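Asker: Each chain is listed here by its residues.
There are 2 protein chains.
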Amino acid sequence: MSLKNLLPYAMKEKPCDAVFTNAEFANLYTMEIERADVAVKDGIIVGIGEGYEAAEYIDCSDGLLVPGFIEGHMHVESTMMTPRAFAAAAVPHGTSTVMADPHEIANTCGMEGVRFMKRESEGLPLDIFYGAPSCVPASCFETPFEEITAEGIAELLADGTCTHLGEMMNFPGVYLGDDEVWKKLEVSKDTVITGHAPGVSGAQLSGYLLGGVTSDHECSTRKEALEKLRRGMHLMIRQGAAARNLKDLAPLLAEDPRLCVRCLAVSDDITPAFMRERGHMNGCVRELIECGVPPLAALRTTTLTPAEYFRLYDRGAIAPGKRADLALVDSLENCRVLCVWKGGKLVAQDGKILENLAPAAVSELPGIHKTVATPTPDELKIKLGPDDKYINVIGVAPRQFTTETLTLEPTVEGGCACADPSRRLAKMAVVEKNRGTGRLALGFLQNFPIARGAVASSVAHDAHNYTCAGMDDLSMVTALRELARMHGGVVVADGDKVLASLELPAGGLMSLLGADELLEKLAEIRAAAESIGCPGTEAMMQLSFMSLSVIPKLKLTDQGYCDITAGGTQPLTLKDLPKK
Amino acid sequence: MSLKNLLPYAMKEKPCDAVFTNAEFANLYTMEIERADVAVKDGIIVGIGEGYEAAEYIDCSDGLLVPGFIEGHMHVESTMMTPRAFAAAAVPHGTSTVMADPHEIANTCGMEGVRFMKRESEGLPLDIFYGAPSCVPASCFETPFEEITAEGIAELLADGTCTHLGEMMNFPGVYLGDDEVWKKLEVSKDTVITGHAPGVSGAQLSGYLLGGVTSDHECSTRKEALEKLRRGMHLMIRQGAAARNLKDLAPLLAEDPRLCVRCLAVSDDITPAFMRERGHMNGCVRELIECGVPPLAALRTTTLTPAEYFRLYDRGAIAPGKRADLALVDSLENCRVLCVWKGGKLVAQDGKILENLAPAAVSELPGIHKTVATPTPDELKIKLGPDDKYINVIGVAPRQFTTETLTLEPTVEGGCACADPSRRLAKMAVVEKNRGTGRLALGFLQNFPIARGAVASSVAHDAHNYTCAGMDDLSMVTALRELARMHGGVVVADGDKVLASLELPAGGLMSLLGADELLEKLAEIRAAAESIGCPGTEAMMQLSFMSLSVIPKLKLTDQGYCDITAGGTQPLTLKDLPKK
Numbered sequence: 018m019s020l021k022n023l024l025p026y027a028m029k030e031k032p033c034d035a036v037f038t039n040a041e042f043a044n045l046y047t048m049e050i051e052r053a054d055v056a057v058k059d060g061i062i063v064g065i066g067e068g069y070e071a072a073e074y075i076d077c078s079d080g081l082l083v084p085g086f087i088e089g090h091m092h093v094e095s096t097m098m099t100p101r102a103f104a105a106a107a108v109p110h111g112t113s114t115v116m117a118d119p120h121e122i123a124n125t126c127g128m129e130g131v132r133f134m135k136r137e138s139e140g141l142p143l144d145i146f147y148g149a150p151s152c153v154p155a156s157c158f159e160t161p162f163e164e165i166t167a168e169g170i171a172e173l174l175a176d177g178t179c180t181h182l183g184e185m186m187n188f189p190g191v192y193l194g195d196d197e198v199w200k201k202l203e204v205s206k207d208t209v210i211t212g213h214a215p216g217v218s219g220a221q222l223s224g225y226l227l228g229g230v231t232s233d234h235e236c237s238t239r240k241e242a243l244e245k246l247r248r249g250m251h252l253m254i255r256q257g258a259a260a261r262n263l264k265d266l267a268p269l270l271a272e273d274p275r276l277c278v279r280c281l282a283v284s285d286d287i288t289p290a291f292m293r294e295r296g297h298m299n300g301c302v303r304e305l306i307e308c309g310v311p312p313l314a315a316l317r318t319t320t321l322t323p324a325e326y327f328r329l330y331d332r333g334a335i336a337p338g339k340r341a342d343l344a345l346v347d348s349l350e351n352c353r354v355l356c357v358w359k360g361g362k363l364v365a366q367d368g369k370i371l372e373n374l375a376p377a378a379v380s381e382l383p384g385i386h387k388t389v390a391t392p393t394p395d396e397l398k399i400k401l402g403p404d405d406k407y408i409n410v411i412g413v414a415p416r417q418f419t420t421e422t423l424t425l426e427p428t429v430e431g432g433c434a435c436a437d438p439s440r441r442l443a444k445m446a447v448v449e450k451n452r453g454t455g456r457l458a459l460g461f462l463q464n465f466p467i468a469r470g471a472v473a474s475s476v477a478h479d480a481h482n483y484t485c486a487g488m489d490d491l492s493m494v495t496a497l498r499e500l501a502r503m504h505g506g507v508v509v510a511d512g513d514k515v516l517a518s519l520e521l522p523a524g525g526l527m528s529l530l531g532a533d534e535l536l537e538k539l540a541e542i543r544a545a546a547e548s549i550g551c552p553g554t555e556a557m558m559q560l561s562f563m564s565l566s567v568i569p570k571l572k573l574t575d576q577g578y579c580d581i582t583a584g585g586t587q588p589l590t591l592k593d594l595p596k597k
Numbered sequence: 018m019s020l021k022n023l024l025p026y027a028m029k030e031k032p033c034d035a036v037f038t039n040a041e042f043a044n045l046y047t048m049e050i051e052r053a054d055v056a057v058k059d060g061i062i063v064g065i066g067e068g069y070e071a072a073e074y075i076d077c078s079d080g081l082l083v084p085g086f087i088e089g090h091m092h093v094e095s096t097m098m099t100p101r102a103f104a105a106a107a108v109p110h111g112t113s114t115v116m117a118d119p120h121e122i123a124n125t126c127g128m129e130g131v132r133f134m135k136r137e138s139e140g141l142p143l144d145i146f147y148g149a150p151s152c153v154p155a156s157c158f159e160t161p162f163e164e165i166t167a168e169g170i171a172e173l174l175a176d177g178t179c180t181h182l183g184e185m186m187n188f189p190g191v192y193l194g195d196d197e198v199w200k201k202l203e204v205s206k207d208t209v210i211t212g213h214a215p216g217v218s219g220a221q222l223s224g225y226l227l228g229g230v231t232s233d234h235e236c237s238t239r240k241e242a243l244e245k246l247r248r249g250m251h252l253m254i255r256q257g258a259a260a261r262n263l264k265d266l267a268p269l270l271a272e273d274p275r276l277c278v279r280c281l282a283v284s285d286d287i288t289p290a291f292m293r294e295r296g297h298m299n300g301c302v303r304e305l306i307e308c309g310v311p312p313l314a315a316l317r318t319t320t321l322t323p324a325e326y327f328r329l330y331d332r333g334a335i336a337p338g339k340r341a342d343l344a345l346v347d348s349l350e351n352c353r354v355l356c357v358w359k360g361g362k363l364v365a366q367d368g369k370i371l372e373n374l375a376p377a378a379v380s381e382l383p384g385i386h387k388t389v390a391t392p393t394p395d396e397l398k399i400k401l402g403p404d405d406k407y408i409n410v411i412g413v414a415p416r417q418f419t420t421e422t423l424t425l426e427p428t429v430e431g432g433c434a435c436a437d438p439s440r441r442l443a444k445m446a447v448v449e450k451n452r453g454t455g456r457l458a459l460g461f462l463q464n465f466p467i468a469r470g471a472v473a474s475s476v477a478h479d480a481h482n483y484t485c486a487g488m489d490d491l492s493m494v495t496a497l498r499e500l501a502r503m504h505g506g507v508v509v510a511d512g513d514k515v516l517a518s519l520e521l522p523a524g525g526l527m528s529l530l531g532a533d534e535l536l537e538k539l540a541e542i543r544a545a546a547e548s549i550g551c552p553g554t555e556a557m558m559q560l561s562f563m564s565l566s567v568i569p570k571l572k573l574t575d576q577g578y579c580d581i582t583a584g585g586t587q588p589l590t591l592k593d594l595p596k597k
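Sequence lines, in order, name chains U and R.
In terms of the working numbering, the first sequence is residues 18 to 597.
In terms of the working numbering, the second sequence is residues 18 to 597.
Just so you know, these hints were derived from the structure itself, not from any lab.
All figures in this text were calculated on a predicted structure; none of them were measured in a lab.
Mixed in with the good hints there might be a few duds.
No more than 30 Å apart at the CA atoms, straight line, and that leaves these computed lysine-lysine pairs for BS3-like [what the hints assert, rightly or not]:
{"hint": "1", "chain 1": "U", "residue 1": "Lys21", "chain 2": "R", "residue 2": "Lys362"}
{"hint": "2", "chain 1": "R", "residue 1": "Lys21", "chain 2": "U", "residue 2": "Lys206"}
{"hint": "3", "chain 1": "R", "residue 1": "Lys240", "chain 2": "U", "residue 2": "Lys206"}
{"hint": "4", "chain 1": "U", "residue 1": "Lys21", "chain 2": "R", "residue 2": "Lys200"}
{"hint": "5", "chain 1": "U", "residue 1": "Lys29", "chain 2": "R", "residue 2": "Lys240"}
{"hint": "6", "chain 1": "U", "residue 1": "Lys31", "chain 2": "R", "residue 2": "Lys29"}
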């Protein structure tokens, strides 16, 4: 867009739309607090300094003016909110731009799911730029609605649905030279290629870098982060509801604040509760400062640095020609957001969004609204043959997404291996829903926190098929049936009763509720789950990772047990104990 | 280019081409000196660390390994060398990439001149990226071979001749909203738009920024530089043969080295003598450090920062996946370059280029090789009418390109106004050559340093028509005739004798000599000029700016006198003294 028509306003010949007066503002170019008026016309900053006339004068003496925050990496679907509802929750925290990887919905609804996210993001007081999902399915052990191929990625980039390549999680595919992975890198080479490479180091990191990947958000130690910074990657410091690396990585920035030009704060996965508790990117700024990072360096990681990294030349700082995406904060240390302007328009005040962003009904999506046959009690039975002496069991540890592979003797009832609360042994079922086959896989969980009944969810990374853990088959049948009835959601059941349920009709992942209602609903789910001995949110999140084949070790997908470190599928029952 | 085929080398499965061992290298990402081996295959850095095997091991214990230097803004034509000869002179100083604005040859030879520069730059051990000339002609008072229009710029960008927009010198055209200027900005909006805005500040600077201009190399004071940095421009700190701003601007960086991420060192105009004396970008690093800039911050302004600014993602640092453009320097403080590698190949050692880069004969160019009619003695006469009481005279001050407008009584001889050594009044002539019309314009210079004879040159910014200053008509006729015979060059004449001459056949601007021969030739010119009381190089450079209409005040182009501050053309003779 040519800004030529704004010249008379920049040149003080005509009155602007608004002037932010008495403004102290954060200048991320020179890393200083400046005091000057900021003049805005048609959503663009047209001048900084004295002498601008305007239709409206906005007094900023209460706080510090900062550029709208930029979220460098997240999955909107993980908030269980649609882009509209997410915007309503995030914008009051000063967020004005989000780089999102829609790979959850890409698993459940394919290309059309990605386009759905883009469509749902139009007209919001928040710019959401989508990364083309690079790893759908996450592995050959998972069943997405459809594979996102290199051609598909090229299409999403070409038609403007996506602007960059979403996290390249298949890091071995990169450094081992997998053809399809490199095709994806090749079609994305003129965009920003974002990474995901936990623990990748040395020669493997070099190989990963040859692929053109330029960032990583999986660093959990200083050592790992420093190596990646040294080799030229942008470091995404993740502070999400699930993984929290900020406290471990912030000391790098505290000790050498110059690194703020190479670091972005990101969320990855966040929940409405997490946002309500500590904000969004403003929370990252606050927490970085608490860790000793100089305030302006902390601010840069959520504004100018992500703008530079993602080549968003029209934002990230307060300067003539940039978008008037602004937030007024009480201070950088508190980072309480008083007012938010998007393209010069006031869009949030005192923590409240001003526009009505109640999510509307969503359009029909492929992979959803199919009639998925859920298992009968009989189909859930695991009948043992004469040689089935042992069962493989997913060993769960508190608050971990990695698991162990346990081989145990089954608890047998009527010739079937069954759940056993006394042994903390739950049954797990996965029902393929993305393609509507209803294919059923069964397994066991050791130490998954549930005392009786069942919990089920259609949020189950990465393929997000219907996933259920329970202590009896009837409860599981009830939970899965309810899930199918809702075409996706979260269910707590006990016997033939549904204790609580939440519909997630948008892609089987997102509710049509706003953040407040969603939080209420999630509180009901939590209470119901607790009533069956399952510590709500945390357990549900843990369940949602029990199908993710790319995190070791034993996982259950609709294709059965798999262990990516052991090279593939694993049996449910065994004759003998495995040799050590 | 996909780097997939380099994976076996990165992964240490196959021996690389070369490993730089015992290397201390400058890491511009983390701003530290690292010690590690650097492995290279097919011109690309494939790994950093231990354990790489290679066909060749290069011991780096003598110095510090740095990324090849990147020149952020210069005009190759100003060196009077072709790209080949310039490469031979610059590469031994560690330069590996140059961002060049070919607007000199664009004036003399049009679009074809720009393409000529690009062609002549192919296959060199130096990457020269050209900016599309944004201001040809510099003003309507100058006569280039052809105008470079917005369409022409779009064509140069589309066909790969140019990668960015060359310095937008018409800053009033930007902030006053000139249609053609904004068309040029519009067609360049997806590239880097470089600037040139001396003294532009406040609201005018805001207007200039709305045009999308993102840098400036014309800052001469800290105050000006700081304002432009604050408003989001990249600051190009210029240290050239003509304009030297480094000492004035370096304190900004010395006091806040964080600004090194927003500052580039550039040359603008440099001569072979200047390069021989202090190097190229390595000279900038040395001089910045002398001014108190921390060594790595100084280095960043000539490596990673220009790479980032110009979106050259494949260079600017030493890291896997980057081009193996490297220099070994004795220290950052001295910045003496011991060895230079381009794409992993050793291309210079101990100050000598290893490849034979003797300039070849150049192809025919439009605007050159025309038979230009030069004036006869009679045509050079300035006959006075009965009312012609006064003459306008360009008032020259030592080492300044700005001039004054003087109105003086003429020295009259045979009814003609003539040069007068006793009054330090020289005659000036400009002969249009780019279009071959031979159109002649005459004027006077006060205080131009010449005692007798004449000097003439086809280097005369920006249109580069034939320009001559002399104390008698015969010498001027001789000088201009020799210039036309050579189809461009530099001439010193006395009476009917050519005392010295230098041919500049490439575009009328560049010699076909290498740096050493060119320096010898220029020494001859200097000696000859001194013999007629003209202090060589400096006077010639001053003469070359006496036609540049966009620098105030009075200038002489082939269209006659003009004064851009007084609104246009000016008469040679006057009836009365102008009213004050």
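Asker: Within a Cα-Cα threshold of 30 Å, do lysine 240/R and lysine 206/U meet the stated pairing?
Answerer: Violated: lysine 240/R and lysine 206/U sit about 40 Å apart, past 30 Å.
Asker: Would the pair lysine 29/U and lysine 240/R pass a check requiring their Cα atoms to be no farther apart than 30 Å?
Answerer: Satisfied, since the Cα-Cα distance of roughly 22 Å is no more than 30 Å.
Asker: Are the Cα atoms of lysine 21/U and lysine 362/R separated by 30 Å or less?
Answerer: violated (47 Å)
Asker: Holds or violated: lysine 21/R with lysine 206/U, Cα cutoff 30 Å?
Answerer: holds (13 Å)
Asker: Assess, step by step, whether the Cα of lysine 21/U is no farther than 30 Å from the Cα of lysine 200/R, and give holds or violated.
Answerer: With a Cα-Cα distance of about 10 Å, the restraint between lysine 21/U and lysine 200/R holds, given a limit of 30 Å.
Asker: So if I understand the rule, the pair passes when the alpha-carbon distance is 30 Å or less; does lysine 31/U with lysine 29/R pass?
Answerer: violated (65 Å)
Checked against the numbered hints listed earlier, the structure breaks hints 1, 3, 6; every other hint is satisfied.
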